[in-house]
Structures are given as structure tokens and as C-alpha cells.
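Visitor: The lines below spell out each chain.
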Amino acid sequence: MAGWSRDFPATGLDARTLLEEPLVFFRLSSGQLVAFEDRCCHRLAPLSHGQLEGDSLRCLYHGLRFAPDGRCIEIPGKTTVPKALQVRTFPVIEKYSAAWIWMGEPALADESLIPDFVGVDDPTWAMLPGRMDYEANHHLIHDNLLDLSHVAYVHRKSFGEGNRERNEAWAKASVQITELPRGMRFSRWIEGAPSPPHSAAQGPQVDVFTRYDYLVPGVLLLSTGYYPTGTAPRYRAGETLGTPIFDSFTCQAVTPLTAKSSCYFFAFGPRAQHANMKEAFRDLGIKAFTEDRIMIEAQQKVINADPARKMTLIDLDKGPVMYWRLVDRMLREESASMTA
Amino acid sequence: MAGWSRDFPATGLDARTLLEEPLVFFRLSSGQLVAFEDRCCHRLAPLSHGQLEGDSLRCLYHGLRFAPDGRCIEIPGKTTVPKALQVRTFPVIEKYSAAWIWMGEPALADESLIPDFVGVDDPTWAMLPGRMDYEANHHLIHDNLLDLSHVAYVHRKSFGEGNRERNEAWAKASVQITELPRGMRFSRWIEGAPSPPHSAAQGPQVDVFTRYDYLVPGVLLLSTGYYPTGTAPRYRAGETLGTPIFDSFTCQAVTPLTAKSSCYFFAFGPRAQHANMKEAFRDLGIKAFTEDRIMIEAQQKVINADPARKMTLIDLDKGPVMYWRLVDRMLREESASMTA
Amino acid sequence: MAGWSRDFPATGLDARTLLEEPLVFFRLSSGQLVAFEDRCCHRLAPLSHGQLEGDSLRCLYHGLRFAPDGRCIEIPGKTTVPKALQVRTFPVIEKYSAAWIWMGEPALADESLIPDFVGVDDPTWAMLPGRMDYEANHHLIHDNLLDLSHVAYVHRKSFGEGNRERNEAWAKASVQITELPRGMRFSRWIEGAPSPPHSAAQGPQVDVFTRYDYLVPGVLLLSTGYYPTGTAPRYRAGETLGTPIFDSFTCQAVTPLTAKSSCYFFAFGPRAQHANMKEAFRDLGIKAFTEDRIMIEAQQKVINADPARKMTLIDLDKGPVMYWRLVDRMLREESASMTA
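Chains as they are written, first to last, in our numbering: chain F, 4 to 343; chain G, 4 to 343; chain X, 4 to 343.
Just so you know, the hints here were simulated from the structure itself, not pulled from any lab data.
Mixed in with the good hints, there may be bad ones.
Any copy will do: because identical chains look the same in the list, a pair fits if it lies in one copy or spans two.
[Stated by the list, open to error] SDA-like mimics (lysine to any residue), calculated; alpha carbons at most 20 Å apart, straight line:
id	residue 1	residue 2
1	Lys-263	Asp-309
2	Lys-81	Gly-322
3	Lys-263	Pro-310
4	Lys-304	Ala-262
5	Lys-175	Pro-310
6	Lys-304	Ile-96
7	Lys-86	Asp-318
8	Lys-81	Gly-165
9	Lys-263	Tyr-238
10	Lys-321	Pro-184
11	Lys-290	Leu-131
12	Lys-81	Val-324
13	Lys-81	Glu-114
14	Lys-304	Thr-261
15	Lys-81	Ser-190
16	Lys-81	Arg-169
17	Lys-175	Arg-214
18	Lys-313	Leu-334
19	Lys-313	Ala-275
The whole structure should be built from the sequences, with the hints applied where relevant.
Guide: Written out as C-alpha cells, the structure is:
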């Protein structure tokens, strides 16, 4: 994911580095989003210092002008342009409120590989989009999201509202993990948790069901449903889940910027009929995700100080271990299909 | 070029790094400029933290004192000084309003190799000296000056005054390039360009003749003359150039500080009889050269992000290509003469 | 030396990097000081972001809890903990007003190797503790302290009070150097030096005796005594030193933080009966030690610019040369005893 669609301006140039590659994005007059490498093929000046002329982009160092497909179509003062003179472009598609970019071989771009995201324009949920940049390698952020046992500690004050009982219930809940074709599914029941305000009408306690899919290359889709106590055991006995008292949803995506920095996109909110709570959920999300960022950036600094130091994986790490095994398998398969 | 003469103070120590070498400059009581490496030979403390005592320089760490030729002439508390104890000095000569330093083997210093510069004290022109530091390798600045096709784009608002017609005329003008014994000469006629204010009495249009020499190791001497329309074709037919309606001059020099930073010295002004325009030219120069700096520092950042990426040289690059070929030849000859 | 005892708080976590190792210090309910590596063995999050629970330390990323000996004693939600799960701890002892840490193999920690320091709680002297961090390798600080000939130059305005006669007397004084079992002893007589205010009742001049021990791994204990003129020759003739007119003392220690930074601990003061002068001595110390820091950090920058450049050792460097020879010998012996 390159960004939320709404964050790419209708006019002008937008420079972003993704996967170590400096890029410049701009929209054609049709609205179509285009991504160029942010360096002129001539003398490597940044094209983001250039200017749009209709659907073409002119470098403002020596004036070379490029068509939307990256070919150079003008060298000032010259009547011919070498055919090979072009800048690299990257396939971009907008879908699910976001822009998705393919950083690999353009011929291998395959729209069907974009994960089934649920974006901020989905009518079911009332969500506001956010973005947070990390001074950390993206692996640490994936690992954070693939093991939510940290919620009881990192988020003890935000999501946990400083409620020891709630945090302990989360810490003790067991997680079911299953593999999806291109990701993982995690499910947790917290039984008899203290009711939050929005579900308090039901009584002092609720059963909370949290389920999320984590999809390659780094998309999280998580729903949390609040149910009357007793729902959890009935569900485990085979009963279908009814309508919850209340539920919320969050979609997230992690994108590497460089080996040392990453970008974290997120949205978090209630069902559309509770749109009045949209800002409150957004603010809670920012508070909690900042807690993650502080911990992960601190973790990254510890790692930088001695990169040879190994982590010790324990039971808690089942999710991350399964995920990275899946990613490794997919990389091997992709590599085999390319050499075949 | 180490700097403008007037920028080296009459008294006290002046630390500057040139070609990766930390230096400390100071003037003897005779006014002669001297350059020491800025490190004591004893424990490598910076001599620029020391103090002048007459014509000698004392290190203020352990008190060693050095004569203008770099020899240690005192170790406090000791009656003898080892003969070999000395700091390196560098030959410096002041000429053309500037200080010229030889960073190589002192015995090979040859005053005749100083390019025929025209400095700010030259009586023909009214110029004020300037200096700008770059976070960029000096090669990028030389390349910028060796291909002035960038003027129509980088300087479209300053030198080009935002006048599209003037910028296009510049972009389309052809350049004559000839080789000099230790440099290159570039000439351009812009025919029928819009008259700038100082030449407007002549009519709405002028022919503009710009010629500059670019001399090893990085000195530019450029004059721009405004002539009545029709002068260009007569000149090409063999007629001698008469007195221009107006003309201006700029002298510039590029000196490496480190592999990642450079120093750009410049002066720009009209003939001496128009000295009242001196400040206006200086201000225009600073505006335009800042445009260069912004573009070149941005270009350097793009290069740093992927140093393996190659430039693609096109027709515009004839000047830089010829110049670097000349420099390579001179380096080979110098190297051959040293081993001979 | 890890720090002054009083600088380790009674409660809470105190993060410090020593010898490239990130550490977190805390006190048990008994007051005992404990040092952990500042990284959780699980996912390398910093334990200094954790929280104390009684005498145990909980990581606030995933909630693992550690006993004072470093063993993990709780994984939230799990009933068993792998035996091998533990963080590294470092032996620490408090003695002479300071905390002493052993960064090597814990089994080899030997309290008897702590140098015979004289700390700020010693009843003989009235001293206030200080700390200064250097952007410099610790070798340069040791070298500074092992050759006090720099006092006449670096400290010409502070200790030398801008008095040329005093500074010259110091520069010319000869030094006796003798080897101690684990360090060096330096002695200097300055005869007929101008009397400072506290000793002026004696007359316009005094004989000043300065003696210091420099002990592995970097501890300095220095006393300065002011005596009636004529004391120096009588001492050299074998007479025992009587009570000085006035004397002062300073204890100091140098600890590497990283290869590029160091920590300098110091205290400086008069005899306990002159405790009213405590702050004045502290302020003079800070002024003088800041002069050292400025010179040494500048020296480090010169070295960084060309790390291949060699120092030239001269007569003044007898102290440093003897000391480093001693350290090398001790390292060889330690290494031999470990392989034996």
C-alpha cells in the first residue's frame, strides 16, 4: 500500500520513498495516479523538483520532458530524442480507498494479488484514515501485529483503560490461529470482561470476540464484537454468532520506506450507524498506535546497538513464526516460478 | 582557490578544511598568508585552538611552538627539540584578490599554474565577492557550470526574469565549444532577445553574446554583452565586435572541501562606470546561485540514495564530457611526469 | 566505575550505556543495586521501558517478568517458563561513594581489583561529586590525565589564574614517575610559586607539592599541598613533609561509554575543616575540566578526520607510555591466566 487515496493530491507532485526507492506521484488530468522514480534519467536530478505540463512532467534542471509512460518526449534545443531515454515508472492501482503500487518487474504486476482490504470508504464502518511513520524496520511492526499479547502491556492504559482486570483477562486469553491462503487468522474470546460504556446496558460483563486476518504483504483486518456473557461457550459448542451488542473494526497496512524506516497506515471505528463516535475511535487509535511506535522504535535502537544479538522465540511467538514461514514459502514459490 | 583574500583576517587564526585536509591559516606580521595543517604533530590537537606569538604558532594543549615553516621550535620544560618535529605547511600565494593554495607535494607547487583569474579588485568591473557552501561533491557543480542549458530552467525566474520568451531563446541557442590549453571556451548568441532595462534605449530587442572560459581546476570567467539586433549575423560573417550597449562579468571558482561538500566562490557585476548597480548584481547573483545550490544538493541526495545509478549523457553534455576528458589527460600527463 | 552512588535513584529504573552495553540499573527493596542488560531476552525490547514489581522487573512489551538474578519467572498466560530464559546481569558493588561494575565474565568478578578510591563521603575532604560526558574515546582522557604538562596551557586561565609566572613555573617543573603495582605515581615540586589567597599569610611565595596516583582501569587520586618556601629542597634532602599551609584533593575516574564517548567522574575540594570552600572548588573544577573536554573533543574530531595519522611521542609522554605498557602487560597476564 502506497498510501490512502485521499492523501495523493489532485494536482502537483508528491514525493515519497517506498522500499528504498525515491518516487514521485502525480495524477493525470483523468485523475489516474502515476508513479515515476524520482530521478531524471539524464543527470539524476529529482523530478519532484520539476513541473507538470498537462499530463507530462518536465525536469527543471535541464528541461527534459517525460510522458506518463516515462518516455522522454523533449530535450530543449534538440530536434530528436534518443528512444532509450526514459525514466522508470511503477504500476499503481487505486482500490479500497488506497493506492497500491507494484515495486517489482512491471510485467509481473497482478491486480489479483492486492489483498481484500476494507478501506475507509467501506459503507459498513465509520472510520478516519491515519498514517504514522516509524524509525524502525517493518519486520518489527509486523511482529507486533502478529502477536497481540502485547495489548495487555503496551496498551494497558489506552485499550485497557488502566483496568487491571481487563488487561489480565486479555493476557490470559488463548488464541486460535489458522492459516489462510495468503495470510493468517487469529481469534480470541475474552469471557466475562468488564463492560465498556457502549455495551454497559447489557450488564457489568460481556464476552468479547476479537478476530483478525493478517494478509501478505502486511495488511491487518480486525473486528471486535461485544456479546452477552455466555456467548463464548455457546459459540464453541457450535452455535452461530448473532448480532453483537456493539462492534468495531480496524484496517491497517505496513509498508517499508527504507530498511530503517516504515510507514503504518491505519483506520479504526465503529459501525456506520455510530458515526458520531468516529473521532473518539480515531483518537483512541492514535493514542494506542503511538504506544506501539514508542516501544518498537526503542526496540529498534536496542537492536541497532548490537545487531548480532538474537531474539528468543517462545510460545507467544506462534503467530509470527507461522507468518514468516508462510512468507518464506511464498518467496520460494515466486522465485521458482520466475526461473521456470 | 582557498578563498577571497579579504576573508582571511589580518590577525588571528582561521580554520578551513579543503580537500579533506583540516587547515589553519594565519598572516605573518608582514601580512604574508601561511597555511598549516590544523593538527599538532604531537598529539593531533587542533592548532586552530592555539595562539599566535609573533610569527610563531603555539599549540595550547601541551604548549609546543612552531615557526612559520612548520618546524617545532619549543617544547616547554625541555631544552632540546627533535629536528624531525614539525607540522605540514602548504604553499599559499595571493593573486587576483584571492588566496591560491597548493595541496600537493610542496616542491611541485608552480605559481604559473594558477589560472588567469579576474578578481573583485580588477578595475574593469564593479563586483562584490561572495561564497556559498554546498552539501555536494564538487563534480556536480563543475557539471552545472559546464552546461549552461540549465539557465532556462533553474534560473527561469532570476536571470530569466520569468520571461518565457527569453528562457526559450536561451534554451534554443546553440553553443560553440572550443578547447583552450587548460580549459574550454563556450560562446552563445541569443538573437532578438527581449531587451533588459539597462539596454532598452536601443529598442525592444537585442542580440546577446555570452562567452565564458572554464579553466582547470575549476574557474569560470563569463562575460555577457548586449548588442543591437543584427550584430550576431555580422559577427558570424567576420565583423569585429564593437562596444556593447551594456555588459556584465562574473568570475567564479569551485573548491572541494570534502568528498561530500564544496565551496563556491563568486562575484558578478557590471562595468566599473556602472558601480551603482553593484549591489543589485550581487543580489541577483546570490538569488540565482542559490537556485543552483538547491537543485544540486537535491541531485546529490538522489545520488546518495543509490550511488550505483548511472547518468545518461546526451547532446547537452558535450561541454562536461570534453572538460573531464581534458582533466583526465592532464592527470595522466602529470602522473607520467612525476614517475619519469 | 559506573557512577556516583547518590546518582542511582532509590526507586525506578536508570538506563546507562557502559562499554557499548546498554544497561538498566535499579535498587532492590534492600537498597542493593542491580544491573541488567537493557534488553529483554525475548524480543530485545528495552527493559528500561518496563516496570519494577517489588524486586522483579517486568518488560512492558509482552509482559515477561524477571527476578533480580535475571531469570524469567513469568510469561503472561503461560504456566511454564523455559529454564534458559533469562537476561544477562552484571556484578555491581558500592564502595567509596561509587558503584563499581564488572562488565566481564561474572565468575571472574573480583572485588579486590576495585582501586583504593577516595570518594566524596571520605571524612578527610570536603568534596561534591560531578560528572561530564565526552564525545571522545576514553584513551584521550587517560592520556590527558597521565601528562599534566597540559595544565600550564589548557588550564592557564582556571588553575593558572591567568598568572604567567605560575604557568611557566608549572611548565618547567620536572616530574618524578614511579610504577605502582596497578598504576603509576607522579610527583612535582613547584618551588617559589606565587602564593594563592588561601596560603598568602605565609608570604608572597610557596613551594607546591603535587602528587597523584593513576590506577587501572582509570582512577586518579591527586593531592596538592602548599608549603613554606624552602620545603622542597629539604624534602629532597630526606626531610619528612610536615603539615602543609593548605592542601586540596581530587578523585577522578574515566569510564568508556562507547568507542566514541566516555564518562568522566570527578570531585575536587579542600580539607573537611574548610568545607565552606567546597562550592568554590567544585566550580573551579567544572571550569577546568570543561577546558579539558573542549580540547579533547576537538582533538578527537581531528583524529576522526584522518584516523591513520600517527601521534609523535616526545619526552612529555613518558607517563602515558609507561601506563599503556603496564596496561598491555596486565592484559597479557589476564589473557594468559584465562587460557591456562
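Visitor: Need the list of violated hint numbers for this structure, in ascending order.
Guide: 5, 6, 8, 9, 13, 18 and 19
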